[in-house]
Amino acid sequence: MLSLKLAFKNLLGAGLRTWLNVLALSFAFVLIIFYNGLIDGWNRQGSRDTKEWETGMGQFWHPAYDRFDPYTIEDSHQPLSKEVLAEIENKNLTPVLVAQATAYPQGRSISITLRGVDPEQTILKLPTADLPSSNGTDYAIIGKSMAKSANLSVGDNLLVRWRDKNGTFDAREIQIASIFKCNVPAVDKGQVYMSLHSLQELLGMENEATLLVTGEGFEMRELNGWSFKDNDFLLADMKKIIQSKKAGGSILQGLLLIIALIAIFDTQVLSIFRRQKEIGTYIALGLTRAQVVGIFTVEGGAHSILAILLGSAYGIPILLWLNKTGFNMSYAEDLNFDLPIAESLYPYYSLRLVVITILIVVISATIVSYLPARKISKMKPTEALKGKLQ
Amino acid sequence: MENSTIIKIEKLIKRFPVGKSHFTALNDVNLSVGRGEFLGLVGPSGSGKTTLLNIIGSLDTPTEGVVTVLDRSIAALSHKQSSQLRNRHIGFIFQTYNLLPVYTVYENVEFALLLQKLSASARKKAVMDALEWVGLTDKIKSKPSMLSGGECQRVAIARSMVKRPEIVLADEPTANLDSKNSHHILQTMKNLNKELNTTFIFATHDEKVMKYLKRKVSLEDGKVVKDEIIKNSKN
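Here the protein sequences come in this chain order: A and B.
In terms of the numbering used here, the first sequence opens at residue 7 and continues consecutively.
In terms of the numbering used here, the second sequence opens at residue 36 and continues consecutively.
No wet-lab data here; the hints were simulated from the structure.
Beta carbons are placed, not taken as given, at the ideal position from N, Cα and C, and that holds for glycine.
Among the hints, a few may not be true.
Stated by the list, open to error - Residues from chain B shown here face chain A by an in silico Cβ test under 10 Å; the list is partial:
| no. | residue |
| --- | --- |
| 1 | L66 |
| 2 | H114 |
| 3 | S117 |
| 4 | Y138 |
| 5 | D206 |
| 6 | Q222 |
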């Protein structure tokens, strides 16, 4: 307590030197919280959007289906049982039939994935209600990114070629009924959504599906012949990629923190050289050398307390404002990210993030202050009193 | 009042290493100091005054010989024990005052008490008493940079006396002061010596100080060459 009191007294007495160090450290403190908050916010937004647009509350897959292996798709379909149909009827499940196909927009050839979805489903955010009833024409909805890459607009016809369940190639023109905007690239890029019934008919797979998306009302249980994949599994790769962005950003944060810590280290080294007489006086007044080391260590460490207070003073309003208005990421659309990213990212500052950041800043500032302060324990008080460099 | 021996020095030798050789700062010093003495260690620069003062104050240790302060052998004290001895029983006054620049007068004086477990009210009373002895109660909020040299030294005296130590060690306390301030300081210390029976030991070669001494121990080349009682001192 005495060390803390003396440390703050000395720090505040040092004036501008202290505040420059504190300012530098506070930048690092606020930046660490902001950047990590941004990544955490991105993680949350990505998870939420992916659940809303693609994975629901988890998915039942055909046992052979592997979303990363296109060769498994051809064989990954099976009939829907009565039990499943009842759940679909109650809007607790929605079936999706998946097929590999080739599209020919403006004479170009691109690989696409055809997805048959129930136009009346309400589990996913996909605007499937935009799919008109078949009237001799097959309709599809596509995402904005897909529309842009294939140069398609609403009302355009798209020639699609696929292989039916017997492996026979077939082709047909389908009309784009609507274009939706979605933050989840996996839902948008290369994906063409048709009515489930239409796709089943095209593929010759009546009453079949590749996967079932569960809604909130689904009472979790095993479904015979289907393999359940929860969201921990379905979102794992996305989360890993976003976390890797955190690791990349931590290099920048680390550098900023190191610069601030070097400034504190430098100040402490200088302080110990310049304040030899003061150190000698402390010892003459009855402080042990360990106590004097403690005063100087706490004094350096106290920079971090002031930095946290200062950082809070200007950081809290800025961070809260960013949390409310979001951080503009509209340019990311052109960067071709393969991750779910909204136009505005809303940073999320958890208590854990704040506590860990405070601990990092306090502990690192204390360590860099202790290193030069150790020299005091080897000083001769008689020499220190004379102000002689030792 | 001057009776029991509180400092006993026997065959004290202090050597400092100088390159591969060494320099003998104190050579076979024997001395006894009683409670309440007003004693001066006098001699030219390099005679060993400050070294002797430092050893008595447990800031340094003897190379040979025995120095006993308040029944404690200085050589046998651990770091912690010597810190406790200084904190509770010994006050220091330095030539350059050595006040802590960021603290006010009040805080500088209070500092000596912070290590002792006193209540805030007891501390405040002790600090105000000490500042009253030196006549600085009107400057409690001033920082050392706002004080004159004489005032700084009076703060240093108050800091050394606030814990009511048995011994005050003053190293050239008047060297940086003019004549008027020197006499004022010495008069203050003389009064405290009489009032509280505190033992004062000065290291000095200032003639003004010598006029106040009741006992003068002359050092030359690290040896005691004369030890005399001053009968006609101002004290």
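Verification of the supplied hints:
1. Taken as an interface hint, B:L66 does not check out: its beta carbon lies about 19 Å from the nearest beta carbon of chain A, beyond 10 Å.
2. Nearest Cβ of chain A to the Cβ of B:H114: about 6 Å, under the 10 Å cut. The hint holds.
3. Taken as an interface hint, B:S117 checks out: its beta carbon lies about 9 Å from the nearest beta carbon of chain A, inside 10 Å.
4. Because the beta carbon of B:Y138 sits about 7 Å from the nearest beta carbon in chain A, less than 10 Å, this interface hint is met.
5. Interface hint status for B:D206: upheld, as the beta-carbon distance to the closest one in chain A is roughly 9 Å, under 10 Å.
6. Checking B:Q222 against chain A: minimum C-beta separation of about 24 Å lies over 10 Å; hint violated.
Hint compliance for this structure: hints 1 and 6 are broken, all remaining hints hold.
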